[in-house]
Amino acid sequence: MKERNKTLDAGLRGLDCVGKLLLILIMAFPFFWMISTAFKTLAETLAFPPTMLPESLQWVNFTDVFKTISVGVYLRNSIIVCVFVVILQYFIIVPAAYSLSKYEFRAKPAFFALVMLGQMIPMQITFLPVYFMFSKMGMMDTYSALILPFISNPFGIFLLRQYFMQVPGEVIEAARLDNASDIKIMFKIMMPMAKSALITLGLLSFISNWNNYFWPLIMTSQEARRTLPIGIALLKDADNLQRWNLIMAGNLLLVLPMLGLYIVASKKIRNAFVYSGIK
Amino acid sequence: MRGTTALSKTERQERLKGYLLAAPAVVLLFIFTVYPLCYLIYRSLFGGNLITKDPKFVGLENYTSLLESKDFHQVLSNTLIYTAVTVVLTMVLAVVIAAWLNSKKNRRLNELVQTCIFTPHIISMVSVSTLFLWLMDSKNGLLNILLNALGFESFPFLASPDTALFSVALVTIWKGLGYYVLLIMAALQNIPTSVYEAAEMDDTPALKTFFKITLPMISPTILFTSVVATIASFKVFDSISVMTGGGPLNSTNTLVYYIYEYAFRYGKPGQACAAGVILLVFVCVITYVQFQVSKTRVHYQ
Chain A
4 MKERNKTLDA GLRGLDCVGK LLLILIMAFP FFWMISTAFK TLAETLAFPP TMLPESLQWV
64 NFTDVFKTIS VGVYLRNSII VCVFVVILQY FIIVPAAYSL SKYEFRAKPA FFALVMLGQM
124 IPMQITFLPV YFMFSKMGMM DTYSALILPF ISNPFGIFLL RQYFMQVPGE VIEAARLDNA
184 SDIKIMFKIM MPMAKSALIT LGLLSFISNW NNYFWPLIMT SQEARRTLPI GIALLKDADN
244 LQRWNLIMAG NLLLVLPMLG LYIVASKKIR NAFVYSGIK
Chain B
1216 MRGTTALSKT ERQERLKGYL LAAPAVVLLF IFTVYPLCYL IYRSLFGGNL ITKDPKFVGL
1276 ENYTSLLESK DFHQVLSNTL IYTAVTVVLT MVLAVVIAAW LNSKKNRRLN ELVQTCIFTP
1336 HIISMVSVST LFLWLMDSKN GLLNILLNAL GFESFPFLAS PDTALFSVAL VTIWKGLGYY
1396 VLLIMAALQN IPTSVYEAAE MDDTPALKTF FKITLPMISP TILFTSVVAT IASFKVFDSI
1456 SVMTGGGPLN STNTLVYYIY EYAFRYGKPG QACAAGVILL VFVCVITYVQ FQVSKTRVHY
1516 Q
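So the sequence lines, in the order shown, correspond to chains A and B.
Numbering (my numbering) for the first sequence: 4 to 282.
Numbering (my numbering) for the second sequence: 1216 to 1516.
Some hints here could point you the wrong way.
DSS-like mimics (lysine-lysine), calculated; alpha carbons at most 30 Å apart, straight line [unchecked claim]:
# : chain 1 : residue 1 : chain 2 : residue 2
1 : B       : LYS1450   : A       : LYS139
2 : B       : LYS1450   : A       : LYS9
3 : A       : LYS23     : B       : LYS1320
4 : A       : LYS198    : A       : LYS111
Derived list of chain A stretches under chain B, where covered just means 3 residues or more per stretch with a C-beta under 8 Å from a C-beta of chain B [unchecked claim]:
# : region
5 : 132-143
6 : 175-184
In case anyone wonders, no lab produced these hints; they're calculated from the structure.
Keep in mind it's a predicted model, so treat the numbers as computed, not measured.
For each residue, glycine too, the CB sits at the ideal point set by N, CA and C.
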């Protein structure tokens, strides 16, 4: 009887293992296929039966991508937008969260409601009015149009407020008695206490801005201000021949930074998303 | 006397500081949330095109023409079907996989599965969409080659109006699954082990334990994540824009894509804004549900 249980157990274990390997295959294989295709010749992508690995690595695909679309410009714009959003948002959300957690004023509930509203309303609803506003002000195709709407990150204010509320009032009182200014208190006391939240927010907004397609699609029409996701979508459309090896090579340029970041800090990134999901 | 005025002075200063610190965020939130919402509703009552200086007031005409349009009916039903398929399949798969990964078998493998399954979530939807365009390609796509090799007939995926919406939903599910698995696993790990002890002593079968103990314990999280997934589905745009452009035959045209096309391709911002208001109503209803859900969540704890 015990013997049989053991074999049953081993069998179940094996089945469990096979199932999980299959799951890994389903999630990882498309990425492998993207990388493999990116290094193939056009003939190889059309070959039947398909080959798993390219016969020789076609680095020329990447130079062809640079010839077809202005990767350099897109890449520069993507980096500028991401860096500015990540840095500037702290200047907005840290004081706001500090005010919400440590100050008393009559409009505070209204301010808090405003933050909640900002968190609730997606940009897919507000984009048309913002587009009208920016085009009236001549701000289309500017970095400001790509950066400003993202720096008052309401979720960031909400999360930081929770952290700041845990800082005991006595600590702040003591600092005030030492004649520390509010700016000093924010930098020297509040921000170190919320370090993990600040890193989380930076990571999340970097990832979402790097991947953002919708907003730059609406706000830009000139090459000079387009970001990489737009570039890759254009590459797909620009290529009537459907040279999938080229398209996948371009795609890889957009994917690799995120994949690299994920390989380096996979646990940290997942924790950041759990944070943001549960609140 | 002097003491109280001095106090009220610092109090006043205190209050002023509170306002000053919040001011930049308040201004930005006003410009990018409150004002656009008001303008959206206001603009939905006017006609004209993108360059008209003084559009004509038309009252509710934009709404009535939307509600009478067959295209818009299809857009609404597309959006609702897409949402239902995506949310139901994602949640069922996420709960099953999360419970599976939470079991004690093959622990080392579990970590790897978790890492892999979450990867697509941080990749741009543009990349994922182009990748699946290639995989679902009717001539040389790997998915059909695989189906044929296994003895099945080719599946039309994005080429046929009958399957395109489902194919787009499939891509969304593949991309988002890991995120929901992660959230549900976090909920599973928060269930105190003491809850299971009684069941273990009674030798209750695993399946019964799952349905009678585990599922009720994580049901608040399931409801909450369903709401998140529902709102995300209402907002779908990137995959539609990259993979199908709303086609074939309008079969994948969803609300946000419709708004975008009506404003920028057909130059009818009034009608686009009216459709935007309808999306706003959807999101408000779902958020109200979320609010009720979070109330019951408090109940459970």
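- Query: Is LYS198 of chain A close enough to LYS111 of chain A, meaning Cα to Cα at most 30 Å?
  - Reply: holds, 25 Å
- Task: Quick one: see if chain B covers the region 175-184 of chain A, three-plus residues with Cβ-Cβ under 8 Å.
- Result: violated (count 0)
- Query: Hey, LYS1450 of chain B versus LYS9 of chain A, does the alpha-carbon distance stay inside 30 Å?
  - Reply: violated, 51 Å
- Message: If you count the residues of the region 132-143 of chain A with a beta-carbon closer than 8 Å to a beta-carbon of chain B, do you get 3 or more?
- Response: With 5 residues in contact (Cβ-Cβ under 8 Å with chain B), the coverage given for the region 132-143 of chain A holds.
- Message: With the threshold set at 30 Å, check whether the alpha-carbon distance from LYS23 of chain A to LYS1320 of chain B stays at or below it.
- Response: OK: LYS23 of chain A and LYS1320 of chain B at ~11 Å, within 30 Å.
- Message: With the threshold set at 30 Å, check whether the alpha-carbon distance from LYS1450 of chain B to LYS139 of chain A stays at or below it.
- Response: holds, 26 Å
Comparing the model with each earlier hint shows violations of hints 2, 6; every other hint is respected.
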